[in-house]
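Participant: Next come the chains, spelled out residue by residue.
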Amino acid sequence: MAVMTAPLAMSSDELLLAAWAKGDRDALDELFKRYRSVAYRVAYRLLGNEADALDAVQEGFVKALTHLSGFQGRSSFKTWLLRVVSNASLDLGRQRGRREAVSLDAFGQKERETVEPPVLPDPAARLERADLRQQLQQALAKLPEAQRRTFVLHAEADLSYREVADVLGISIGTVMSRLYYARQKLRSFLTPE
Amino acid sequence: MDMNWENDTSGPLNREQQIEEDGLKALMRATAPVEPHEAVWSHMLAQVEQRLQSSRAQPTTSRWPWLAGGAAAAAVLLGAWLLQSFRSTPVLDEPFPVATAAEIEILSVNGADTHTLVVGNPPVEGALELLGPGDVTLFSVEAAPDEMVPEIRFHGPNSPMIWAHLDHENE
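Note that the protein sequences, when read in sequence, are chains A and B. Be aware that the first sequence starts at -11, since it is given in the numbering used here, and climbs by one per residue. Be aware that the second sequence starts at 5, since it is given in the numbering used here, and climbs by one per residue.
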């Protein structure tokens, strides 16, 4: 097996895709490492639980790489991948029904072994963070699907207005409008009564 | 002022909106989902590779012969079904269930009409016995406001029996 070298890590997505098309498994590994986290965070925000998010990420990577003809370099691989992952997340959400934000997080239990960020060693702080996460997930769940998707792509994946518009196939004006209403609703949902 | 907001993540927001957006983004970062363990990612990557290899290994064949064959088979099945439908004996009329027993609440029904109920059960099946033999002690009998005096039967297995004659029975 070839050892991943620095040039591969510094290669552009296009070069990695070309290398993978020729059978370079390390290129796929690099692509996967680059975008697995952001894909997971987007899927998690849309689905609200770890298990479904992981399923959506796997499905998204397979579909994105199987249907590269739909990409054809018109946008970045990142936006193409997030488009497919968000579609897969919404499809999965409709099939399975959106679950409540994982209550397991609040009690520190995990379905799979996970790694807590080192900046929060205090159990009380972790609990507070988990509680905040659950509140935010519940607020996101109340948004209409289009607004939720737009907001997550912008705020979680840090995509620009144009990139969000490319992912969703809508105009920049529509992106701005959805974000405006999403912010309004989230503010009302998250503001203590 | 930077007008190139189309590629700018901040966009043309006023100060208050920008503060609000920054706050929401900070909240998103602070509540980011816990990253799965590396073993989970390794397993997923293996699954992705396997599925990609499987999709690459499938031979590319023309779909048209399969579509044509499928359409022909569907046409044969449809014809057979239609033929059977025309030849089949008509189904006897059956009551069309517009409501189930659980959806019906019977408020009242004359005793003589209980046999006409097609759904639901009457609250009482058969005669409603209010008092049994030996449960009644007769002290006195008076005429009703319409001057009807009931007949009292003291003998017999079900005595005393208080029998209020109806008008047509007196005719």
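Take the hints with a grain of salt, since some may be wrong.
Within a straight-line C-alpha distance of at most 30 Å, the following computed DSBU-like cross-link-like pairs (lysine-lysine) qualify [what the hints assert, rightly or not]:
#: 1; chain 1: B; residue 1: K29; chain 2: A; residue 2: K66
#: 2; chain 1: A; residue 1: K21; chain 2: A; residue 2: K66
#: 3; chain 1: A; residue 1: K10; chain 2: A; residue 2: K21
#: 4; chain 1: B; residue 1: K29; chain 2: A; residue 2: K21
#: 5; chain 1: A; residue 1: K173; chain 2: A; residue 2: K21
#: 6; chain 1: B; residue 1: K29; chain 2: A; residue 2: K51
#: 7; chain 1: A; residue 1: K130; chain 2: B; residue 2: K29
#: 8; chain 1: A; residue 1: K130; chain 2: A; residue 2: K173
#: 9; chain 1: A; residue 1: K21; chain 2: A; residue 2: K51
#: 10; chain 1: A; residue 1: K51; chain 2: A; residue 2: K66
#: 11; chain 1: A; residue 1: K66; chain 2: A; residue 2: K10
#: 12; chain 1: A; residue 1: K10; chain 2: B; residue 2: K29
#: 13; chain 1: A; residue 1: K66; chain 2: A; residue 2: K130
#: 14; chain 1: A; residue 1: K51; chain 2: A; residue 2: K10
#: 15; chain 1: A; residue 1: K130; chain 2: A; residue 2: K51
Now the in silico label distances, taken between C-beta atoms and shown as ranges [stated by the list, open to error]:
#: 16; chain 1: A; residue 1: M(-2); chain 2: B; residue 2: E42; range: 50 to 58 Å
#: 17; chain 1: A; residue 1: L56; chain 2: B; residue 2: V80; range: 55 to 63 Å
#: 18; chain 1: A; residue 1: T162; chain 2: B; residue 2: W85; range: 43 to 51 Å
The hints are simulated quantities; they were obtained by calculation from the structure and are not laboratory data. The C-beta atom is built at its ideal place from N, Cα and C for all residues, glycine as well.
Participant: Taking the hints in turn, state whether each one holds.
Facilitator: Outcome of the hint check:
1. B:K29 - A:K66: 20 Å, holds
2. A:K21 - A:K66: At roughly 12 Å apart (the allowed maximum being 30 Å), A:K66 and A:K21 satisfy the hint.
3. A:K10 - A:K21: 19 Å, holds
4. B:K29 - A:K21: 23 Å, holds
5. A:K173 - A:K21: Given that 30 Å is the threshold and the Cα spacing comes to 34 Å, the pair is violated.
6. B:K29 - A:K51: Holds - the C-alpha atoms of A:K51 and B:K29 are around 29 Å apart, at most 30 Å.
7. A:K130 - B:K29: Satisfied, since the Cα-Cα distance of roughly 18 Å is no more than 30 Å.
8. A:K130 - A:K173: 9 Å, holds
9. A:K21 - A:K51: 17 Å, holds
10. A:K51 - A:K66: The given pair, whose Cα atoms are some 13 Å apart, holds under the 30 Å limit.
11. A:K66 - A:K10: 20 Å, holds
12. A:K10 - B:K29: 39 Å, violated
13. A:K66 - A:K130: Distance ~27 Å between A:K66 and A:K130 Cα, so the pair holds.
14. A:K51 - A:K10: The given pair, whose Cα atoms are some 18 Å apart, holds under the 30 Å limit.
15. A:K130 - A:K51: With Cα atoms ~28 Å apart, A:K130 and A:K51 stay inside 30 Å; holds.
16. A:M(-2) - B:E42: 50 to 58 Å: For A:M(-2) and B:E42 the Cβ distance comes to about 22 Å; the hint is violated.
17. A:L56 - B:V80: 55 to 63 Å: Because 40 Å falls outside the window, the suggested range is violated.
18. A:T162 - B:W85: 43 to 51 Å: At 48 Å between Cβs, range holds.
Of the numbered hints given earlier, the model fails hints 5, 12, 16, 17; all others are met.
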